[in-house]
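Enquirer: Sequence:
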Amino acid sequence: ACSSVIAPQALAQEGAETIEEVMVTARRREESLQEVPVSVAVVDAAAIEARSLQSIDDIARFTPGLSFSKAFGRATERPVIRGLGNVLAGVQFGVESGAAYFVDGVYYPGDLQGLNLNDLERVEVIKGPQSALYGRNSYAGAINFVTKSPTEELSGDVRLLFAEDGEQDLRASVSGPLIPGVLGGSLSLRSYEFDGQWDNQVTGQTIGDESTDSISGLLEWTPNERLRVRVRGQYQEDEDGTRPLFLQPGTENNCSPGLRSLSSLPLWGVDNNFQYFCGDIEARPIALNDQDAVGENILRGDVPAVGGTFFGDPYSRTDGTPFDGVQREINLASFLMDYEFDSGYALTLSSAYRKEELKTGSDSDHSSVNFKFSAGTPGEPFENGFFAISGGSEREDYSMELRFDSPQDRDFRWMVGAFYFDQEIDGFNINFGAPNRYETTTTPSDEQALTNQAVFGSVTYDFSERLTASAEIRYMEEDKTLTDAAFNGDDTWSSTTPRFTLNYQVSDAVMLYASYAEGAKPGGFNGSDGDSVSRPIYDQEESVNYELGVKSTMMNGRLIAMQRSSLPK
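Position in the sequence shown (first residue = 1) + 13 = my numbering.
No wet-lab data here; the hints were simulated from the structure.
Be aware that a few hints might be false.
As the list claims (entries may be wrong) - For lysine to any residue, the following SDA-like pairs were computed, each having C-alpha atoms within a straight-line distance of at most 25 angstroms:
id, residue 1, residue 2
1, Lys161, Gly118
2, Lys368, Leu133
3, Lys368, Val242
4, Lys368, Phe81
5, Lys368, Ala431
6, Lys368, Asp492
7, Lys161, Gln47
8, Lys161, Thr38
9, Lys368, Asp439
10, Lys368, Glu437
With the hints as extra help, turn the sequences into a complete structure.
Expert: Dropping the structure here:
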């Protein structure tokens with residue numbers, strides 16, 4: 014595929030004759046954007062403010078090659094870079110995206126939809142396989158969110174947005190020195206509310222509402238010019254309502270013949286052996302009978318519970334109605350240390366801990382069809398909406414990375430590093446049943462534990478002032494263990510992912526480059542009930558990318574043009 018992009022550089026102060034140079038850390042070291050032989054899109058703090066960007070969805074709208082898919086709500090966010098992603102990431106237990114998140118270069122294996130953009134110095138979207146330097150799940154690319162350092166003088170910022178459909182977004186921050194020249198700190202708050210922009214034509218209920226409250230703090234210690242230590246913490250709460258979606262039954266599929274998994278076969282009608290639907294989806298009639306008003310509303314939260322009290326309190330809304338939507342709590346702590354020795358060698362140590370508690374619930378088809386099977390009395394329907402989903406997960410992640418860099422002012426430069434990641438996910442189901450249909454219990458559904466260990470490195474050599482060659486490589490092993498009602502297993506995946514780059518500086522304003530890169534995303538266990546029997550394990554995903562590119566600044570640096578031709582495999 015070929016593409017041509019002309020995009021603004023970072024915004025400079027008004028009246029400046031040229032735009033100040035944009036620095037990025039796309040190759041794990043600070044370099045000029047113009048001189049990095051990698052396709053990188055940058056959105057900095059000035060652009061975020063000038064364009065009034067409110068979320069990472071907004072950032073994607075101004076970033077060619079980046080999009081987000083979240084058909085099942087904010088709990089199933091799936092970044093897609095250059096068309097590579099995973100439709101089941103965040104939907105099927107244990108499935109992850111092919112594009113990885115990083116905050117200040119520290120791996121972040123979760124959702125960032127509630128991120129306070131006021132905290133950001135810039136966002137770097139690094140396109141193409143980045144497995145050599147960034148590791149797991151970056152076979153499509155990596156997104157690095159670089160946060161602001163504390164200011165040298167006391168400063169603050171308050172912003173309040175009011176928009177249609179009850180949208181309110183309050184952001185406040187304060188930053189400054191705690192010990193001048195040695196210790197600085199910053200604190201940011203965000204409170205976001207959105208009432209939703211769709212109405213349920215049957216109940217009159219507004220759907221698609223979202224709510225986020227978050228607080229983050231940063232301490233940065235710089236006792237001298239060689240040492241920098243950053244400690245960052247974040248707490249976030251999300252509560253979203255009924256998702257504005259409709260699932261069309263597989264019997265409506267009309268293209269791409271093939272076998273679907275057992276779990277996706279229709280419960281009524283005749284399977285047509287098509288995997289997808291192609292064309293426009295027609296409006297469907299709305300029907301709701303008395304029985305459905307009981308069955309569906311149990312999960313949708315349309316009716317008050319018995320006596321105004323919901324027995325399963327952790328899974329109810331504050332007004333006493335049954336829980337439906339998304340509830341999530343996230344705790345994050347990260348540590349970053351940079352130290353440069355007198356000889357010019359540098360040591361970087363980073364680690365992070367993340368804990369997430371997630372609960373979801375929905376009647377996903379939103380139709381008038383219920384399960385029809387015997388529940389004690391032959392022919393009696395069980396009072397539950399068809400394709401009702403209710404459950405959640407608790408997960409803990411821990412990562413650590415150590416890097417050692419040679420001096421950057423030499424013709425031959427190198428870097429070596431090691432990475433460790435540990436994750437545990439406990440999934441559970443929320444059950445509705447006797448003696449009262451509003452009473453809930455929880456039962457374990459899936460448990461997954463994984464460890465990822467890797468060593469990596471890079472070498473760079475300047476043949477001349479214009480011609481430079483570099484090579485990067487990573488070897489990683491990932492072990493996963495799954496305990497599931499349908500399948501229990503343990504397996505290990507390993508990969509070696511290189512990248513080779515040759516770049517030539519034609520002039521100060523023009524650079525040519527060519528690269529070859531491989532990416533890998535570890536395999537896993539099939540969460541589909543039908544496929545878990547015949548195909549319990551799926552292999553890791555791999556990508557190969559050949560790229561030719563040119564970078565050129567124009568109009569005194571006000572524009573940067575990037576032309577690339579890539580052939581992904």
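Enquirer: Confirm or reject each hint.
Expert: Verification of the supplied hints:
1. Of the pairs offered as hints, the one joining Lys161 and Gly118 holds, with about 13 angstroms between alpha carbons and a cut-off of 25 angstroms not exceeded.
2. This hinted pair checks out: Lys368 and Leu133 have alpha carbons roughly 22 angstroms apart, not beyond 25 angstroms.
3. Of the supplied pair hints, the one linking Lys368 and Val242 holds, its CA atoms being roughly 23 angstroms apart against a limit of 25 angstroms.
4. A distance of roughly 23 angstroms separates the Cα atoms of Lys368 and Phe81; the hinted pair therefore holds under the 25 angstroms criterion.
5. The hinted pair formed by Lys368 and Ala431 meets the criterion: a straight-line CA distance of about 23 angstroms does not exceed 25 angstroms.
6. For the hint linking Lys368 to Asp492, the alpha-carbon distance of about 20 angstroms falls within 25 angstroms, and the restraint holds.
7. Taken as a hint, the Lys161 and Gln47 pair is honoured in the structure, with Cα atoms around 22 angstroms apart against an allowance of 25 angstroms.
8. Straight-line distance between C-alpha atoms of Lys161 and Thr38 comes to about 14 angstroms, which keeps the hinted pair within the 25 angstroms bound.
9. As the CA atoms of Lys368 and Asp439 are separated by approximately 12 angstroms, the hinted pair is consistent with the 25 angstroms bound.
10. A C-alpha spacing of about 10 angstroms is found between Lys368 and Glu437, which places the hinted pair at or below 25 angstroms, so the restraint holds.
Of the numbered hints listed earlier, not one is contradicted by the structure.
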